[in-house]
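A.B. asks: Chains as they are written, first to last, in UniProt numbering: chain A, 1 to 514; chain B, 1 to 307.
Keep in mind the hints are simulated off the structure, nothing from the lab. The reader is advised that the hints may include incorrect statements.
Counterexamples of contact, computed for chain B against chain A with all Cβ distances above 12 Å [stated by the list, open to error]:
1) P123
2) E125
3) E130
4) E144
5) H156
6) L195
7) R272
Pair by pair, the computed Cβ-Cβ distance ranges are [claimed, not checked]:
8) R55(A) / P162(B): 39 to 49 Å
9) M71(B) / Q290(A): 56 to 66 Å
10) G291(A) / N122(B): 49 to 59 Å
11) P90(B) / R55(A): 34 to 44 Å
12) E105(A) / Q50(B): 30 to 40 Å
13) I165(B) / R201(A): 21 to 31 Å
14) S250(B) / K42(A): 25 to 35 Å
15) L90(A) / G242(B): 42 to 52 Å
16) P162(B) / R201(A): 18 to 28 Å
17) E227(B) / R33(A): 33 to 43 Å
18) S228(B) / H106(A): 50 to 60 Å
19) H106(A) / P90(B): 53 to 63 Å
If you want the footprint, here are the derived chain B segments under chain A, 3+ residues with CB under 8 Å [stated by the list, open to error]:
20) 82 to 94
21) 146 to 152
For each residue, glycine too, the CB sits at the ideal point set by N, CA and C.
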Amino acid sequence: MDRVLERTPEGTSPRTFALNHQRPKRTYAGCSRIADYELLGKLGEGTFGEVHRARSRKSGSIVALKKIIMHHEKDGFPITALREIKLLKLLSHENVLRLEDMAVEHPTKATDKRKKPIMYMVMPYMDHDLSGLLENPSVHFKEGQIKCYLLQLLRGLSYLHDKNILHRDMKAANILINNQGLLQIADFGLARHYEGPPPVRGQNRGEGRRDYTSLVVTRWYRPPELLLQLKQYTTAVDVWGVGCIFAEMIVGKPILAGESDTHQLELIWDLMGSPTEENMPGWKLLPGGQGLTPRPRTGNLQNRFRDAGTGAISLLRELLRLDWKTRINAVDALEHPFFQMQPLPMKPHEIPTYEESHELDRRKFHDRKANLPPAPKGGTVGIGPDANGATAGFNSDGYVRNGGAPNNGRFRDDRRPPWPRDRGPPPSRPPPGARDDMDRAPRPRGLPPRGGDIDTYIPSYRGEDDGRRRDDRPRDDRRPRPPRDEYRRTRSRSRSPGLDRRDRERERVEVYRR
Amino acid sequence: MAHLVNPLATPAQLYNLKSSSQLPDDLQEVVFTTTQCLTQAAGLLLELPQSTTAQASVLLARYWLVDSPMMHEFSDVSAAALFIVSKMGPLPQSARDIANVYAYLLSSQSPLLRAEKPTGDNPAEYYLSESDYYAFQNRILALEARILYALSFNTHVSLPHPLAITYLQTLDFLGLGDKKDISARVMQHLNTALLSPQMLYVTHQPHALATAAIYCAARDFGAKMPESAWWEVFDVDREELGFLVVGLMSVDNIMRKRREDMPWMNEGAVTRSKVEAEMKQRGLRVGNGTKRGNDEEDEVMRMMDSR
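Only chain B is shown next, with the shape it has when bound in the complex (with noise of 0.2 Å):
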């Protein structure tokens, strides 16, 4: 049974979120769907299977209900949770390949992100230097420990992909043809709740969100569903399933929203200095006056321990 289920956001580590984080709502949306964006990108890049990056971004979803997300860069967390998961897989990553692939995607040379493709190549944009390289280990290495031990050491993800295919089965709707493109559709919603602001995959367990991505690959296609409440037998009661579907259906049209809000965020990998600015410009402050000060202290310290 504990194959099959997740640990859970608590109501408390919800409110926090809301509560204590430095972040207007609208940015922190921004900041966790561009950040899971860009662990998928990542994922990609690294030619990971699907279940690697999906667990890192579960992993990553976790971390901060516990941590705000301004404590680190949001590159370097989602590398982080990148370099746990694939270690624990069959396919580790070495920091080497996870560094290279992130100074691509955040250098102004990759189109993620970007409204504007950028055009040419230019690999001197994304040269990673020996110390750039060693300052990133550090950086992973040390966040690494910061997410297992938030964490409590719970990295175990269960997906909800291949309950799905079971489902499906059960619903009679694998196959090929027309069945096939519904299969498809449930884990394209599926990989999409990955990304969606509500932080659906840790506040739902995977049965319900695979019931849910059913339900709306069927009405996307028009496909004839049993008359009866048949999410029941998938244990989702209706108003879970309806909270589901309206947050699957959603991601899309919120981040559309955003773009238009915040031009900047066509502008390539949203960071933490673009957030700040963000800030700024609406009279907002993020931290105290002192916190400055002492990073660039750390960065030294680091920057000394890795000679």
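Bound conformation, chain A alone (with noise of 0.2 Å):
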């Protein structure tokens, strides 16, 4: 150090440089008041917020406004909501939503005491979730249009990892898609930071370093490590839902629709192949992986996806492999041969555009509201019980009380729920609902879901989707429900739930466009 660089490699004095290449300024002002916007209409509601589409009087542009709601205010500010615009304050990537900026609506009346301000976070308004998309009858993905999104999810979920952010909750619901041919990454409710070096290029990622909660990532997302109930786990949990992304793309729907965590493993058994010491090293130790026997098979993953072509069948056996210690990383994912072959990946702008698809847009809130499970606990966030001891001290204070120990390790089958029995064939595309901790809590279904226990935050768009499963229950199964839906008395109840949404679809005219 005791020697001055007399010229930078740009060839100016190291002060001119510094001044150069100065840090940026960044400064603070307060939040924007919901009156910055001109409201255009309820894009659509769910148990965890509704989701506004707004103009900003401002910049002219358009953007969904999503409210936070306040379930339990005996703690403040849902720590979720908290944690996930710190994260996304901190985000700045072209596949990864931005948060834009935070609106405040003050009550009208200076007299409510009691009424609180309500916040909203803004963000830009995209046309499409690749889930909803996909339910589209009229809508079929060319492979290049498949490579492109695909190589947008990847290259998006490779900065969170570089920065250290695990996701936790991919799927196709959670992916945003514009007309522009733009995918975003959203929806930050479950993403946490992690302990650990980055994936690196060409390397596998091997044993995690610290213990994380398993109770994250939608059931038909969820990769066979955090079934099993792996708690160091590692950035391999979201390359998995990648690969589920990417064959729901291929095929239209998703691939590993489970009724339960048993279900799914069976699944995910049928598709690999059952686990063994070659395929999945430790997996007979792994806690859910004890008194587990499945009966051997060689996986069908090749007969299922031929159409798709060696390439897109080698790619999915690297993202889905089940060996979480060697799976794929998103960096070298990205430069999978699948991408370098005929057909290439399209440009975004060469993508049709489709008339805009939200589930929300299509109403189907309604029935998604009735159910409002036990959420995401605090604690799949990381104040939950096993977040690390963090929790000394804290659960007896009432924060997080569904997330308490009792929890733990014991969701396997005692709490199912019930939806699935007297269904047919699986449905067409009732994607796992929201976050799939919800259906473990230890709840009977049939009560009023109401408590400390609900973190009362999903960010994307389409935030509480258990509801499309819920249209697969037997229908008496949620009448008996107390205040929360009003609303839905006023609907027919007598038509069956899939006629009734089926129809209420053709109504929302869902004209597609090339």
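Since each chain comes alone in its own frame, lean on the hints to assemble the complex.
C.D. replies: Pasting the structure below:
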């Protein structure tokens, strides 16, 4: 350090260099007011919040406003929302949904003392979510289009992983797409910082560094190691989700629609082969693997995706590798030969545009709302039972009611929701609802879900999609439900749920154009 | 990059602080520094890592650039800042724990900011009744929302401490023996800067604070530094460094002086009522006449709400 650089690589003095490379100046100002936005109607509403479309009066841009509902005000501002906002503010990547602003709505009457201000998250408006888009029968992705989306998805994910962030809720419903062909990852309600080095090109992910809660990731997209309750998981959990989304884009519907955690594992073994010491070393040692003796089989991936071509199959095989330690990472996946093969990935602007499609648009949320599941408790994002001992002296305060220790490890079978029972073929497309941790909380389904365990917040547009699954449940199951769903009373109850939904869908003018 | 920088105060915010504040400069300084001391003490009692407590201090400083300190009881703002930061970090604290700690720190039994240490132990002094607790909790939650709103949810705080370690390593000051003393002193300077009434953490970026702390520590121990303008390597120019060094060194003296001027500062934590009393003594007024009545009404409403 006793020598000063006389010249920098750019040929200027160090001082000029420093001035030219100054850190950006940042400041902060208060939140916007809701009056800064012109509301253009509700996009939808779920258990976790309403989403409105709005136009910014300042910039004229169209945005989505997501309301943050305060469910248990006892604990103040919802911790998941707080963490998500903090994370989003630190991120900046074109394939990650941007948080543009926070807007506040004050109660109109000043005399109304009990009414609290309402907060909205302001995000760019995106025309579709991937799940909603795939659901439309007239939409068929071309191979080049799939490659284009997948590339963007992997870029966004490798950015997140590089920033030491686990997303922990990868699923088609959380992937937003606009008519310019841009894809963005949304919903960071379950995301958290992870310890350890980010994935490196060409290297296996290896073992995790520390324990995290395994109550994450929607079931249909949940990797086998989580289903077997590995706690020291890694970024590989998100990669599995990408594999599921990729396959979903190929076939047009979720490929692993398990009805319970046990069933989910069976589906995975069907697809990728039953676990052995070779293809999934150490699986027997995982808490969930101990009593398990799956029927030996080889996996039908090859057969199931034979129309997709060898490139796609080879990449799928890497993304959906049972062994989490050698599963491909996002950086390497970007360089997979699949993307070099004909047809080449389309450029975003070449992708056909569609009439906007949100699940919420179709107002399915009416059905959905009925089921307010025991949401991702704080536990899922780190203040829960197994949040690494961080909760000492905390649970006792009612902070994480439901996340309490008893939850741990016994969520397997005893609180499986009853819906799958009298269902015929798997639902055409009820994506596994929302955070799936929901269906594991030890709570009788019929009861009105209330209490300290609802962590109230799902950031993607379609927030709560658990209801889709609900559609397939016998009606009476959700009948006796107190005041929360008064709004439903107005609707006819006699129609069969499936029909009901389809009808409404038609009404909603779902004209998709190429 | 976003991880390494902080949002800073705008010139307008700093101007407002001085011009529209109801407090004279010296009282404002006293309020700021003693409240930050309170935050630090609470962080210690709650056994929070210093990084958490430091972030709470920075949030509090950011908040007071937006709202006048006299709007709320100082200890409440301090507690709310700790509550928010701990909630986002790995060690969330319950409102109950925070309430207990602040009740103790504000009681006559706490040695904090007291010239004469209290003798004996009388737990009744800091016993918190259920209704007091609910009132406290309501105030904290209201303030939480208020602070988040005022900061536009910019709750990420980048601290200079880790940067300072990297810089020390670069300068080959990290190690055992004398080097250890220097490293420790750097951290002490950085923590002192949190208390500085000049609000250094909202006027300067972490890299500048880290560099200045290293400069001060090296000077304290007479360590040999590079002859050249080494701070430029860390993106700090001479002027900024000079300002920060003076700022870091002056905290102690300022507070010593204020304590001599205002003996009531040695009688426990500074509260709004003490500041108002001092203002009255000086013939100054805080707020306008109707303010008090409203507060009482609010209080009644809150009590009814909490039932």
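A.B. asks: Out of the numbered hints, which ones does the structure contradict?
C.D. replies: Result: hints 4, 5, 14, 15, 17, 19 break, sorted rising.
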